[in-house]
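Student: One-letter residues, chain by chain:
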Amino acid sequence: MTARESFPRLLLAEWTKLRSVSRWAITLIGAAVLTIGLSYLAASGNKWDPRAQAEFVTGPLGKPVADNFYYVHQQITGDTTLTVRVASLTPAQNRRAVQMGSDQMTKVDDPSPFAQPAAGIMIKDGTTPGSSYASVMLTAAQGVRMQWDFDADRKGSASTGTRWLRLVRSGPTITGYESADGAQWQKIATATPKNLPSTVAVGFYVSSPSAFYTTRGGGSSSLGEHPTRADATFDNVLGSGATWHGDAVGKVVPTGKGGAPEGQFTEANGTFTVKGTGKVGPKQPDDDMVEAALIGVIAGLMALIAVGVLYATSEYHRGMIRTTFAATPRRGRVLAAKAIVLGTTSFLVGLVGAVGSFVLAIPILRKQGFTTPAFPRPSLMDGSVLRALLLTAAFMAGVTVVGLAIGVLLRHSAAAITITIVLVLGPLIVGMILPGTSPKWLMYTTLAGGMATQRAKPPTITLAEPWAMIGPWAGIGVVAAWAIVTLGLAWWQLRRRDA
Amino acid sequence: MEPTIEVRGLRKRYRTTVAVDGLSFTVRAGEVTGFVGPNGAGKSTTMRLILGLDAPDEGEALVNGRPYRSLRTPLTYVGALLDASAVHPGRRARDHLLWLAHSNGIGKRRVSEVLDQVGLASAARRRAGGFSLGMQQRLGIAAALLGDPPVLMFDEPVNGLDPDGIVWIRGLMRSLAAGGRAVLVSSHLMGELEGTADHLIAVGRGRLIADTSVAKLLAAASKDRVEVTTAQRAEATTVLANAGATVTVAGPETVVVEGLRGDRVSALLTEARIPFSELRRHRASLEEAYMDLTRGAIEFAPETGAPAAEGSVR
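Just so you know, the sequences run in chain order A and B.
For the first sequence, this note's numbering assigns the number 502 to the last residue and increments by one with no breaks.
For the second sequence, this note's numbering assigns the number 321 to the last residue and increments by one with no breaks.
So that you can see chain B by itself, here it is in the shape it has in the complex:
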């Protein structure tokens, strides 16, 4: 059976706040699935519900077809990084991994392996209280990898990492997915997932906004748009607008044309004797695509009054 996370009709309410409101999605093997949404959208709550830490009011979350709470050695099924600072500051890195290993009957040797893998071998005997944010993050990732699980969940793993660390964790996630694992990674910044995620699950206010592959999303957002670089921006705008296109200025010498195909744009500009140095299909950034997708669907205004249902603040 393919390793998966399945979420069906999940709903969770904390007092007056509905943190997760009827969420359903599937995380598939061999892909990095981005889990995006603004702060307070219910991402961390969903992860806690998947891990059986919180009990859902409705719906269910299954890991490899089973509820997490029924797993006897869960670390060998799902590795999760929820909050990297959740380590006793007086405990050495190695001891932190050691008790986790004991609890799931994982051998001691694996502890040294994951410490090597995340680059903490030299800090194994240091107390976690003295770790930088980045080192804590690596220790948290080591804990997630401990049971060599087929399913991995990372909640905002990039937080606190230096640029080297960010490159490293992206490479790690890609290689985990390439190895056939299911990887769910949350972020409130779409840009962080650029080039990493194969699939996107976007949530807002606890509801599903989109469940789509990144390739399709980008194609949809880029559709029928052509980017033209020309010294005569004003003239080009007039000609193309007269031909029925929507033209927006994207730079001092760049306009984006929507509503006309590339060959038609080229013909019109040539006909009008307007020189252009470059003409290419516009490729939307993931950020842009996401904004397109969610425009109007969620309010981005920061919530006041209602407590955010993020794990880190509870």
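In isolation and in its complexed conformation, chain A is listed as follows:
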């Protein structure tokens, strides 16, 4: 007889074990069905306030954007050059925290270069909010920048003081320059905005994004918006000489008490004083449609944990582990084969569940208010959606493997299932209740952090769910670390203990 041992054959042996117990096979299929079913049901119970849509417009790239600023402009047809000196920029001072009722609200820091008070010059496809543009600007804290179409951002010098700025339009392209003295010019970048008709608005502007304050804990979160205003002076305006018009582009942000930070401009001896408010840049609601479509994952995960644990502990019922180790004395290889077979299977089950949830729940969510402009239709082919679905499946696989390892360590099904589930759900519940950003460390250290894989959007501290505070890669990293550590302990135990 020719018998040869190889790791692929050991994988086949472990796969045979997993598939041949029909109760496990049914539970694995059930995990996918449960994930999809619960996601579908939960989607129809989810609602997004249609009034909040007023804060968003759709940008030239189809994404939700904010387009609010004070624009002093004139219409120019064809190629043109605009040069301006920004003499001064005075941003509003924002408090770090505000008291709202009994809640202490902390400021949400947004390091994005689009979230800076700015004074600059802009060439734009008219004054309709969301239209194409390119601009160079002096920001309050991030130097000189060139931006276009609410998406692209190029860094210029780090200057914060007086600065000369220039935009040159040549056909479909716009090139931005800056200078300290109006004589020596440095190029920043060349932009090709998506829609640039022959007649465009050309001028200078001031923007000042609202300050956001948030409080969370006790299972809920709230976000407060405080509009701000920046003042700037422009001189040496070298344009066509036509009349300048002042317009507040976009919806004026509703003002708080103490008077409106309305935009306006005055001119005296060629010096323009402009007061502006609002933000020009990407603006997404923190709510994540992909995450909302994957609510069932947690239910499917429970079923997967049960299979993962039983796949280990069943070996210890009636001493089956002796048959296993008599057939393969190298115990580490058995554990590795088990982890790979179980991990791969649960990854595929998780992927079917996640993709199925996405496909079924997204159309429901669109009927529930998750529509444009705030929520463009997410596609399976979007990088961030694909990442969320794949990492969610990996999260489910990772937790299932942790269940396997804990099963090997404890050799007791009920205890191992309970502990694994508590490791996921416990920190979620505690994290919901804990105030502010304090649950962050829980997310960075426990399996609950893996829930962050479900988000297609960047981390935020403004939501009730604590896993939104960390990024998806950090989330999957935590789960991977848990899998490696628990498997390592299980391996050590297997080698040390008698079978």
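By construction, these hints were calculated from the structure, which means they are not laboratory data.
Among the hints, a few may not be true.
Claimed, not checked - FRET-style restraints, in silico, Cβ to Cβ:
#	chain 1	residue 1	chain 2	residue 2	range
1	A	Q496	B	R73	23 to 31 Å
2	B	G72	A	S9	22 to 30 Å
3	B	G178	A	I487	51 to 59 Å
4	A	G491	B	E13	32 to 40 Å
5	A	G474	B	G137	48 to 56 Å
6	A	I487	B	P170	54 to 62 Å
7	A	G474	B	N166	54 to 62 Å
8	A	I487	B	H195	42 to 50 Å
9	B	R22	A	I487	29 to 37 Å
10	B	D171	A	G335	37 to 45 Å
11	B	R73	A	I487	27 to 35 Å
12	A	L351	B	E13	46 to 54 Å
What the hints assert, rightly or not - Covered by chain B, according to a simulated footprint, are these stretches of chain A (three or more residues, beta-carbon under 8 Å):
#	stretch
13	7 to 13
14	314 to 324
Each residue gets a CB set at the ideal place from its N, CA and C atoms; glycine is no exception.
Chain A is fixed; fit chain B onto it per the hints.
Tutor: Same frame as chain A, now just chain B:
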């Protein structure tokens, strides 16, 4: 190289109990070796140590000259039946053998062969949870035979088998040994090995009590004993006792005479005109021989307090 199991100075302690205490023996090819001892004598522990499942505190166990844990396809070297119930109840008989075959790179065809060999072909697609004790035992034996190994170990294989099954497994063990394989079979009942074992390894309290061939053991136990069947039992006893023999009553008309040869017994009885219908050499049963052998060497009183080191209860 001849297939063998060698055990040298094996010692294993579980907490306060010494389960195996300096055991050494060799199981040779072409023989069925009985491994006997009362429950808790360390038989199952020894088998687990041979299979590398438990690590010995001292000594070593070698299969074909190598430690079991160094074998890459161990099922093709040693087939073992430890605990027949060690099968997932939800798994079909065929799938149980299939994963074992995969793990050692044994072909699928062999699975059908061993199922036929143990008479489970018709139950191949049934779940092991619904098996009777006897069917489980057959499945366990099928697993042991899977790799067609030259060395086989069976721990209490007769348990739960019906009379047909017992005859079958004895025949199987004899034929395996006849085919040149080394067969180690444990039992706590000596009688079960009658007519099957060629060699005996007797253990008690983890120590070796005897390592002997069955033929020699029986000869030693039967030596100088003559069985006489006579209607005049009392008279015969007197005559033979006067001649210096030890006479014990073995039945209503039977006595066993120790200390006199057969021809001398015949002469004495003829001389005294005591009629006897039968006179033959007494053949000790294996059970008897074993009792002779172990008398005083082990305490048979069931242990209380100290946990038994039997595999099935752990």
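Student: Against the range 27 to 35 Å, how does the distance between the Cβ atoms of B:R73 and A:I487 compare: consistent or not?
Tutor: holds, 33 Å
Student: Holds or violated: the 46 to 54 Å window for the beta-carbon distance between A:L351 and B:E13?
Tutor: holds, 47 Å
Student: Against the range 23 to 31 Å, how does the distance between the Cβ atoms of A:Q496 and B:R73 compare: consistent or not?
Tutor: holds, 26 Å
Student: Could you tell me whether the CB distance from B:G178 to A:I487 stays inside 51 to 59 Å?
Tutor: holds, 52 Å
Student: When you take the CB atoms of B:R22 and A:I487, is the distance between them in 29 to 37 Å?
Tutor: About 33 Å separates the Cβ atoms of B:R22 and A:I487, which means 29 to 37 Å holds.
Student: Are A:G491 and B:E13 spaced within 32 to 40 Å by their CB atoms?
Tutor: holds, 35 Å
Student: Establish whether the coverage given for the stretch 314 to 324 of chain A by chain B is satisfied; the threshold is a Cβ-Cβ distance below 8 Å, and no fewer than three residues must meet it.
Tutor: holds (count 5)
Student: Note whether the CB distance of A:I487 and B:H195 lies within 42 to 50 Å or breaks it.
Tutor: holds, 46 Å
Student: In this structure, is the beta-carbon distance linking A:G474 and B:N166 contained in 54 to 62 Å?
Tutor: holds, 59 Å
Student: Is it true that A:G474 and B:G137 lie within 48 to 56 Å of each other by Cβ?
Tutor: Holds, at about 51 Å.
Student: Return holds or violated for the Cβ distance of B:D171 and A:G335 against the range 37 to 45 Å.
Tutor: Given range 37 to 45 Å: holds, Cβ gap about 43 Å.
Student: Counting residues of the stretch 7 to 13 of chain A that have a beta-carbon nearer than 8 Å to any beta-carbon of chain B, does the count reach 3?
Tutor: Since 5 is at least three, the answer is holds.
Violated hints for the displayed structure: none, as all numbered hints are satisfied.
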